[in-house]
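Given next are the chains, with one letter for each unit.
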Amino acid sequence: MTGAHELAIEVEGLEKSFGETKAVDGVDLSVRKGAVYGMLGPNGAGKTTTIRMLATLVRPDGGAARVLGHDIVTEADEVRSVVGLTGQLASVDEDLTGRENLILIGRLMGHSRADAKARADELLDSFGLSEAASKLVKNYSGGMRRRLDLAASIVVTPEVMFLDEPTTGLDPRSRNQVWGIIRALADAGTTILLCTQYLDEADQLAEGIAVIDHGKVIAEGTPSQLKASVGSATLHVRLLDPDRRGEAAEALSRELSGVELDPDPAALTVPCADADRGAEAVAELSRQGIAIAGFSLGQPSLDEVFLALTGRPATEDESNPEEVEAA
Amino acid sequence: MSETRTGDAALEGLEEQAIRKALSSASRPARPSALSAVLTFGWRGILKIKHVPEQLIDATMTPVLFTLMFTYMYGGAISGSTSEYLTFILPGILMMSVVFTTVYSGVALNTDLTKGVVDRFRSLPIWRPAPLVGSVVGDSVRYLVAGTVVVIVGAVLGYRPDGGWDGVLAALVLTIVFSFALAWVFTTLGLIMRSPNAVMNTGFMALFPLTFLSNAFVPPETLPSGLEAFVEINPISWVVTANRGLMNGTAEAGDILLVLATAVVLTAVFVPLTSRLYRKK
Chain A
1 MTGAHELAIE
11 VEGLEKSFGE
21 TKAVDGVDLS
31 VRKGAVYGML
41 GPNGAGKTTT
51 IRMLATLVRP
61 DGGAARVLGH
71 DIVTEADEVR
81 SVVGLTGQLA
91 SVDEDLTGRE
101 NLILIGRLMG
111 HSRADAKARA
121 DELLDSFGLS
131 EAASKLVKNY
141 SGGMRRRLDL
151 AASIVVTPEV
161 MFLDEPTTGL
171 DPRSRNQVWG
181 IIRALADAGT
191 TILLCTQYLD
201 EADQLAEGIA
211 VIDHGKVIAE
221 GTPSQLKASV
231 GSATLHVRLL
241 DPDRRGEAAE
251 ALSRELSGVE
261 LDPDPAALTV
271 PCADADRGAE
281 AVAELSRQGI
291 AIAGFSLGQP
301 SLDEVFLALT
311 GRPATEDESN
321 PEEVEAA
Chain B
1001 MSETRTGDAA
1011 LEGLEEQAIR
1021 KALSSASRPA
1031 RPSALSAVLT
1041 FGWRGILKIK
1051 HVPEQLIDAT
1061 MTPVLFTLMF
1071 TYMYGGAISG
1081 STSEYLTFIL
1091 PGILMMSVVF
1101 TTVYSGVALN
1111 TDLTKGVVDR
1121 FRSLPIWRPA
1131 PLVGSVVGDS
1141 VRYLVAGTVV
1151 VIVGAVLGYR
1161 PDGGWDGVLA
1171 ALVLTIVFSF
1181 ALAWVFTTLG
1191 LIMRSPNAVM
1201 NTGFMALFPL
1211 TFLSNAFVPP
1221 ETLPSGLEAF
1231 VEINPISWVV
1241 TANRGLMNGT
1251 AEAGDILLVL
1261 ATAVVLTAVF
1271 VPLTSRLYRK
1281 K
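The listed protein sequences derive, respectively, from chains A and B. Residues in the first sequence are numbered from 1 upward in steps of one, following our numbering. Residues in the second sequence are numbered from 1001 upward in steps of one, following our numbering.
Where hints are given, some of them may not hold.
[Said to hold, decoys possible] Think about it this way: if two alpha-carbon atoms lie no more than 30 angstroms apart in a straight line, the pair counts; the simulated BS3-like pairs of lysine-lysine are:
no.	chain 1	residue 1	chain 2	residue 2
1	A	Lys138	B	Lys1281
2	B	Lys1021	A	Lys216
3	B	Lys1050	A	Lys33
4	B	Lys1281	B	Lys1048
The hints are simulated quantities; they were obtained by calculation from the structure and are not laboratory data.
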């Protein structure tokens, strides 16, 4: 195997153009083994093309990438035998039943007929699809289809899994189920590269995030690093007695600068880059005997991060996922 | 990470434990052989016919209609009697029914490409052309159905082969072999064209003149000389000639070899072409 490599995915200057459009314009990525790594960006940022190149579906125009040490161009076959892919469109055959889909994949992965059937039944069971096993997939709901899709990806557990917007178009309950499956997969040791335009999805699942825009990685880090690098967090304090707000502002100023008085006569807000200083500031209030009704240390949302990085909100592009998917 | 696991409470109906178990119990078998992958894709094609048997209607009704229409409309005019004309055209109708069915191989491939499932096939560690070869192998079932229907309708109308039913079987096999090769022309088309409908229209537009401007329905000697020359070099005519020989018991090895050679050439040109286009998609 490839024990010498600590990195599951190494990408250097990957490029791909379609006609005049540079879909991917020099992407660099490193994902360590066993990590869940998020690629975050609006539609058309180059996420899907990057993932398709890594899954050997599209040949890159330039740059290089290795998956578990195998070059995606010269060792495409080796790459294919260790990766799994769940594409933006559910990668299942609509004209077959759920069970037939899984048997088909099992046979194509090299299972004997009996093993493929047993594995299909086991997976249908685990993914709550036993009752729909003999129904044609075209009659499945979006959530069922996505679950079958994920089941098909783990007929043989992949060492590296590429997930391209796995929850786009799903209702919240199905989305949570998919998140649960992704976590189970990560816990089993599979390295996961997750494309998403949902900021909270990356925040929930990924330990590292690359923000992609116009085919380039424009920022990289842990979710909290990314948030910290852009806007600082803010400390909100609400007092029991509005009359003591002046005193409270003074006390907070000893630890933090830039105290602002909120429209709410009992509330104050102060930028707070360091949580420890924030805790000190709150402690200072109680030392002064100023009673507080509550306080919170809010981090900027990833939406704000995206806005700060690109100068435009990410939400603009994800307002209509159905339309995006159809295109 | 545990503090962010707000979603897990909503995992009703989905046993995360079971999923973990399924993940840990997975074994990693050896890659399947090319043949095994091809047969698996052939099985997929047959399953699709099983789920939507209606799709065989055109493969079964068209031959019935052709046989009836041609026999009763032109039989008297061309051969003097319907039974004699049946002997003349049945080898041609056999060819025509099966050859038209090959267009659907291209249509099916084009339809497949618009769906996400192809991405999965292409990300599997299998012999790359397996999905293509397998679907054409599966389509052979359609060819067999179309051909068999023609023979049965012919027999019902009173056709009795001079070359015996062995000869008819041989003609059926030869036609299917040729169609298997011809299907690759349409899979190539299926990879170039934008929509399944475009593939169907183009395929039929090409096949109509080729099948009608052949020796299938009229003796070429009755045609204007320019047209006769075209009929002589039309590969479809070669298939009809070989079929006629086999079914009438007057087969010449040269005729049959010519058809087989044509099939080899078609396969040698269009299989690599299709594979290359498929890989680039």
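Hint-by-hint comparison with the structure:
{"no.": "1", "hint": "A:Lys138 <-> B:Lys1281", "result": "holds, 24 angstroms"}
{"no.": "2", "hint": "B:Lys1021 <-> A:Lys216", "result": "violated, 39 angstroms"}
{"no.": "3", "hint": "B:Lys1050 <-> A:Lys33", "result": "violated, 44 angstroms"}
{"no.": "4", "hint": "B:Lys1281 <-> B:Lys1048", "result": "holds, 24 angstroms"}
Checked against the numbered hints given earlier, the structure breaks hints 2, 3 and satisfies all the rest.
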